[in-house]
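J.: Listed in order, the protein sequences are those of chains W and L. The numbering of the first sequence is the working numbering, which starts it at 858 and goes up by one. The numbering of the second sequence is the working numbering, which starts it at 2 and goes up by one.
Not one of these hints is a red herring.
Chain W stretches covered by chain L per the calculated footprint, using a threshold of three residues with CB under 8 Å from any CB of chain L: (1) 935-949; (2) 966-975; (3) 978-986.
Every beta carbon over 10 Å from chain W, so not counted as near; a handful from chain L, in silico: (4) Ser6; (5) Thr53; (6) Ile71; (7) Pro91; (8) Glu104; (9) Phe110; (10) Met195; (11) Asn217.
Since the hints were made in silico from the structure, they are not lab data. The model shown is predicted, which means the values in this text are computed figures rather than measured ones. Backbone N, C-alpha and C define an ideal beta-carbon position, used for all residues, glycine too.
What follows is the residue order along each chain.
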Amino acid sequence: MIKEEIRSLIRGELPKLDKTNKFHARFIDAAIEKVLGEMYTDEFKKSPHALQRYTKGFGYTTAIPIAYEASTGIYYVSYPTGISIVPFPDKASGVRRISTMIQGGLTFFPMDAREVDLVRSGGNVSTVNTKIGYIVLPTRIEFYNMTTAVLNDGCRMDLIIPFSNYADTDVVLIPEEVDKGGQTFTDRVLKILGVIQPIDLKDDNADAKQQTI
Amino acid sequence: MAETSALITLEQAITDFLLAYKKTTEDYVLYLTHGCRLLTDFMIHSSQEARTEKIAVSALGIIEMPSDLIRLKDVCVDRNGEWWTMTERPEKVNTTTTTLGVEGQDSNFGEGVALKDGYTYTYGATGAVNDYYYAVDMKARRIFVDGLVSDTVLIRYVSSGIKATETTYIPILIVPMLEAYLLWKETYWISELMRERGVRADDYKNEKLRVRNVLNSLTAMQWRDIFWGSFTQTPKR
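Given the sequences, and given the hints that come with them, work out the whole structure.
T.: Printed below as a string of structure tokens:
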């Protein structure tokens, strides 16, 4: 389903508490996002490989440029505009894969910042390794051992992004899983939304806000 | 090339391992670290491979060891198309005397003095003696040579196997041993596998023994040479 349809499905399932039924789209998205995040994490726990199925690719038509920060000597890429990632406990976090534009063998592998410090301190890895480590940070992705060729060509990446970051027309894949209580994705979203009356949505619900003034 | 190469890069061995054991690239750098350690361990303890290098002997009869030398296996000179091995004499004087900033030798202290072979006439005469001797000073990373100066000799030595500036290759012969080693070592950082540590350590030992069996055993043709070499030909009458 595309994002709009998922939201519409949830809206349609919501109890009709009054004639306005004013659940704001952003609020529904937030509930979906929370449940999806939990379901992605469940998938991760079963197998980190499985997360690849829920990624969105960036840089496939136009490479994502790699920047150099002179003050730190760090090569990095910023996340695409308006895009963040869903964090996961492993080093790759929501950046499940980074590749060269032209598909080749393994070129990038995830590292954490501590490992970069240790590898840079010496040891044989820095001598033998020809691949590029990527370090996932909240605002950008940094690189270890960047090469001129990759720097010039840029890269592409597969990210797990929050539901709110998808365009309305994007297909969003939802893990077809039920939780231990037998609840499906929609059950779980409705459970979050079900405890809140539409009238209480003061943040975004314009009609409700006017009523309380 | 008719079939796949007998050498693969260490990195390729690690990526093959990740693929074969359904692992993510999450710990690539850890496996590569342990791969390097295994290779060095193999070079020191199991491999018969020696790095060969022609090296200069100074006017003082001193060889400066290559920086990658871990253990010296041989010091040789060429004789009749083959390498002639020098004899180690650890008691050779291994000091020098520096005068006005110039390193030299004080013969009063035995420095640079040619070694003498023990000799006895008639009964109890010594056997053959070598023309060349050497003494190793690992701390100073020097080899003191007796029998020649200002010349070039050949040394064979064990190195780490890890190339400083070129690609590091490993023989595919040791890939099963490498994989068993990585599966053993990962039990140190994957806590769920802690109980398997002993079993995996045994797996590694077995794989190591298999490699050593191949390296240390003789081929059928070599056995045949020994067998036939033990015969003495006699004229047929």
